[in-house]
Amino acid sequence: MSAKTKRYTAGNAFFLALPILLGSSAVLAQGHLDVTTTVQKEMVVTNENGETETRLIGAETVVPGERVVYTITFENTGADAAENVVITNPIAESLSYVAGSASNGDMRIEFSADGGRTFGIASELTLVDDGIERPATTGDYTHVRWIMQTELDVGAKGSASFAAILE
Amino acid sequence: MKTVITKLDLFVRLGLTTAALILAPQVFAAGTDAGVIVSNTAVVDYKVGGAAQPSESSTPVTFLVDRKVIFDVSRTGVGLTPINLGASGFLEFVVTNTSNDFLDFNLGAAQLAVGDGQIYPPDATTVDDDGRDTSLPTYAIGTFESSPGAGDAGAPDCSVPATKIDELPEDISVRVYLCASAPAVAINDDVAGLRLEVTATDDAGTTLVAAGGADDPAAVENVFATTSGTATESDIDGFRITASTLTVSKTSAVIGGGKAIPGAIVEYTITINNPADAPAATELSIGDDLDANVTFKDDGYGAGQNVSIDDGVNPVTYCDADGDATDNCTLAAGPPVSLTIAGKNPAGDPIDVAANSTTLIRFQVVIN
Chain G
434 MSAKTKRYTA GNAFFLALPI LLGSSAVLAQ GHLDVTTTVQ KEMVVTNENG
484 ETETRLIGAE TVVPGERVVY TITFENTGAD AAENVVITNP IAESLSYVAG
534 SASNGDMRIE FSADGGRTFG IASELTLVDD GIERPATTGD YTHVRWIMQT
584 ELDVGAKGSA SFAAILE
Chain H
143 MKTVITKLDL FVRLGLTTAA LILAPQVFAA GTDAGVIVSN TAVVDYKVGG
193 AAQPSESSTP VTFLVDRKVI FDVSRTGVGL TPINLGASGF LEFVVTNTSN
243 DFLDFNLGAA QLAVGDGQIY PPDATTVDDD GRDTSLPTYA IGTFESSPGA
293 GDAGAPDCSV PATKIDELPE DISVRVYLCA SAPAVAINDD VAGLRLEVTA
343 TDDAGTTLVA AGGADDPAAV ENVFATTSGT ATESDIDGFR ITASTLTVSK
393 TSAVIGGGKA IPGAIVEYTI TINNPADAPA ATELSIGDDL DANVTFKDDG
443 YGAGQNVSID DGVNPVTYCD ADGDATDNCT LAAGPPVSLT IAGKNPAGDP
493 IDVAANSTTL IRFQVVIN
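Protein chains in written order, with our numbering: chain G, 434 to 600; chain H, 143 to 510.
Note that these hints are calculated values from the structure, not bench results. By construction, the Cβ of each residue, glycine as well, lies at the ideal position given by its N, Cα and C atoms. Be aware that one or more of the hints could be misleading.
Quick partial rundown of chain H residues pointing at chain G, CB under 7 Å, derived from the structure [to be verified]: (1) G173; (2) D208; (3) A353; (4) E363.
Okay, the calculated beta carbon distance ranges per label pair [unchecked claim]: (5) G:V531 - H:T218: 37 to 43 Å; (6) G:V561 - H:P263: 29 to 35 Å; (7) G:R488 - H:G192: 40 to 46 Å; (8) H:P196 - G:G588: 18 to 24 Å.
Kindly produce the complete structure, drawing on both the sequences and the hints.
Rendered as structure tokens:
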């Protein structure tokens, strides 16, 4: 019984130590990113020089036909550099992506036209419509995503944005 | 010859029947409904040390879709609507809600006035292009109840007045009619114009107000995309009043059938016809300048009876033109000698030509 107890004790100690080691390993590999999103509305105004320019204002009153701009900012608040960072943003059903509006910042930009199941660059994205494959249009986009080509260092920040028209 | 205008009496009843809900083409110009909340959440996936990490999501950011107030008011006519004196008629308009929300509307009408311009430019169909229409008298704007679905296009129900359109859905049109009664007396081709004014309101009938000041993120606010930039849109249309369209002809014949030689008596007959679909022409005044080679024959039809007036229904009457105070037919010395016939007997009763009737006016001359 005592031998068993010892073995058990020894074995118990071994099995107790394993999770601690694994746990230490998991803590070391854990990162953390802060992600925030803002929405603004584009407004064409005439400046003091009589020139028209587009400004971003708060999305307080938005009606169909107007353009809104989403900006996603992210910061690596973890202890390690983040790799393979991919920012994915669904495009609401009532919004239509504005061609060429996604900022890249050295990131690869891809779109999905099938609810986020598959992604591709704009020029190669297709859609099966009534059994016929056709190039996807911006109105078909359901998601936009940015793929960072470099690591996001500890404390580093990044941002991505795109514009959409409220249908 | 001319018809005589005394006054115009256009009584306008603004009749509105939202006759038939017109299904607009299935192009939903209105867009996303007001009140919809559009939410956005970004998701970030990444690895650390080659190990995939749990996704990080942003706090959802939202905005409320506000009310884009846009609607159209358009007449369906392509020209002035003919209306006979004393008859009833209507003008048809279509009101289409292209907003992204149900809208209520108050309705009003106004008669066009001097300076309101042409109704169908570039035609000269202003309400005041000749100055006559400026004398349009008072008119009345009725009050009406909305009656969606009553009647069909082209057959307005003006018996149920309306003052508003209630809860007009997005991308749906209704017909609106302005019903009017033409005056009993007017000049041919007079124009009477009306404006339909449609104002978007809330449920309580209060005119919508554009968003302004501090935003209430929980409230649907109004953004006017109307042509006018306000809550009111309007359009105009008009009637062309059809008075009598008389036809006049003149013939002559030698009394007794002899030759037209000096001393012969010639009878002129002026035939005035008023068509069947026209109102009566009243208070006619007929002028005729005599040729220098003839002399007006006094008492051609008896003592004091210079001109015969026969309307085909009543006994023939005569007017006098012998220079005394009772003359209704005057003979002004020339040259040319001018005969004016403005009364059908010495009592001065007016010469009227009823619809679908012919009046014959005769007088005689002697060839010099």
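Status of the given 40 to 46 Å range, CB of H:G192 versus CB of G:R488: holds (44 Å)
G:G588 and H:P196 - C-beta distance against the hinted 18 to 24 Å: holds (20 Å)
Status of the hint placing H:D208 at chain G (closest C-beta pair under 7 Å): Holds, because the Cβ-Cβ distance from H:D208 to chain G comes to roughly 5 Å (cut-off 7 Å).
Status of the given 29 to 35 Å range, CB of H:P263 versus CB of G:V561: Violated, since G:V561 and H:P263 (Cβ atoms, about 53 Å apart) do not stay within the stated range.
Status of the given 37 to 43 Å range, CB of H:T218 versus CB of G:V531: Holds: the Cβ-Cβ distance is about 38 Å, inside 37 to 43 Å.
Interface hint outcome for H:E363 [beta carbon to chain G under 7 Å]: holds (5 Å)
H:G173 as an interface hint toward chain G, with CB separation required under 7 Å: Since the shortest Cβ distance to chain G is 3 Å, the answer is holds.
Hint validity - H:A353 Cβ closer than 7 Å to any chain G Cβ: Status holds, d = 5 Å.
The structure fails to meet hint 6 from the earlier list, while all remaining hints are met.
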